[in-house]
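Visitor: Residue numbers (our numbering), protein chains in the order written: chain A, 4 to 171; chain B, 198 to 546.
Worth flagging that the hints you see were computed from the coordinates, not collected in a lab. Remember, it's a predicted structure, so these values are computed and weren't measured experimentally. Glycine residues also receive a C-beta, built at the ideal position from the N, C-alpha and C atoms. Please note that a few of the clues may not be correct.
According to the in silico footprint, chain B covers these stretches of chain A (three or more CB under 8 Å from chain B) [to be verified]:
(1) 111-122
(2) 127-141
(3) 144-152
Listed here are the chains, written in short residue letters.
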Amino acid sequence: MTHLAASQRLSAYLDGELADPERQVLDAHLRGCTVCRRDLAELARVKSLLSALPEVEPPPGLLADLREAPARLTSVLDSVMAWLRSAFRRPAVAAAAVMLALLLIVLPIAKGRLDRLQAANVGVDVYVHEQALFSAADPFADPAYLGLLISDANIALVGQRRSPEEDR
Amino acid sequence: MHRRAGWLAAVLLLLVAQPGTAGWRSGAAERPLPDAAVVLRTMLRAPALIDYEGTKVISTVRGRTAETVTMLEAYKRLGKLRLEFLSPESVSGRLVIDDGAASWQYEPGMHLVVHGPSFVSGVGQPERAGAILRGYGVRILGREEVIGRSTMVVGLAAGRAGSHRQLWVDEVTGVPLRTEERDARGEIIYVSYFSRISYSLNLPPALFQFRRPAGARVVEFYLSGDPAGTPAELLRLARSPVIAPATLLGQYRFRDGRIAHHGAFSAAVATYSDGISVLTVFQTPSARMAFPAVGDPVMAGSGPARFLDLGYFRVLLWQRRGVNFAVLGNVPGAILLQAVDELNAAQPR
């Protein structure tokens with residue numbers, strides 16, 4: 004028997020739960036292993052200390068309380084449901100609840116649609132803004148015209164689009 | 198004696214009155230035209246060498262309207278710009294200052310300041326002349342006077358990536374004093390010119406420092422989103438399938454990309470460059486963005502699209518496989534349509 008296997012069986016050995024062949028093998032190991040002998044002595048001391056402790060009786064109402072706990076929970080749930088039913092009988096509360104539910108469903112959809120339209124509204128201004136910035140490296144680009152395009156796009160992106168004035 | 202003097206005077210008058218008959222009179226007009234590469238190098242070097250301030254007029258077709266905008270423009274090397282808009286009324290009073298690192302816009306009617314990235318390149322890059330000559334049909338068309346200064350007229354032919362554009366480049370300073378752009382029918386769609394200009398060796402730096410007006414609201418407009426250096430990185434950043442080929446139209450290579458955000462708007466952005474001009478492709482799932490109803494209806498690929506001409510560059514918008522696409526570039530509309538065909542043929546990843 005290995006030292007590890009022996010140490011795992013010490014508690015069963017002490018309680019007299021090992022079969023004879025296994026007990027004989029462990030006896031042989033204990034004769035040669037001071038560590039296991041020390042652990043066995045420690046286990047025996049703890050066991051004798053535990054057996055010396057007095058027995059404590061549970062409180063008299065504990066079992067009855069544990070049996071009644073599910074019933075109390077059901078009662079609380081029933082009260083909540085009764086309150087909800089009475090609330091939904093009032094039209095204003097019912098309407099508010101329906102509105103809230105609708106808002107929770109509709110708002111993300113509406114926001115998605117608004118974002119999609121907003122993206123289309125600013126998209127071309129972003130295109131022009133960025134292309135004008137990229138064009139700075141073009142030696143034939145007129146920086147004054149790039150400045151006009153970028154500054155117009157800036158204003159549009161702030162939300163104040165400038166309308167070029169027709170002159171022909 | 199008097200008769201001979203009168204005859205000589207008559208001959209001199211005739212010589213002066215007939216242009217081109219007196220070599221000593223129009224020496225400037227008969228100087229040989231410089232090589233296109235020389236003019237381009239002078240022009241590309243100018244932002245690093247020349248300060249100027251002047252009055253600029255820009256007339257352009259934007260969508261269905263034509264508009265003329267007048268502004269005071271001051272430039273200080275390297276890359277500092279000040280624009281004071283004079284007219285029309287809708288922009289009058291607007292001030293834009295770019296100090297080379299950031300730009301500031303003050304909108305007096307709204308008492309609003311917009312702070313954003315710089316859009317001015319102040320680096321002299323004469324070495325790019327070779328790439329321009331290879332990629333664009335550049336020709337020197339002649340020598341003309343603009344606001345009293347001798348300019349070289351440079352034509353950029355409508356090549357695969359070029360456009361119908363002419364620049365009047367100051368022969369001495371290299372500053373373009375006039376720019377014209379025409380559409381495929383030859384109609385002018387963009388003109389920009391100085392009605393006066395003064396060159397300076399050193400404009401005061403205070404002109405290019407923005408001082409926030411007291412009480413003005415400040416809005417920050419910086420590019421958002423992590424940059425992607427390759428199409429694969431852009432695909433990884435995007436949460437939905439994206440088309441991001443390594444090249445477009447054969448000569449535009451993927452330069453960078455990112456996911457742009459502005460409020461409810463977001464898009465995968467892929468920028469392509471031929472070394473000179475820039476093509477940008479935006480992609481947003483249709484579920485997250487309605488199709489913008491701007492510009493004119495056109496056919497792109499096999500479906501409907503919208504085309505918006507902003508004078509300097511053009512915008513083409515279309516839908517494909519549940520995605521809103523937009524491609525922008527300083528190329529003719531026909532080239533943008535070719536880009537649409539290429540992108541439609543590519544498989545999303």
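Visitor: Does each hint fit the structure? Answer for all of them.
Guide: Comparing the hints with the structure gives:
no.: 1; hint: 111-122; verdict: holds (count 6)
no.: 2; hint: 127-141; verdict: holds (count 14)
no.: 3; hint: 144-152; verdict: holds (count 9)
Violated hints for the displayed structure: none, as all numbered hints are satisfied.
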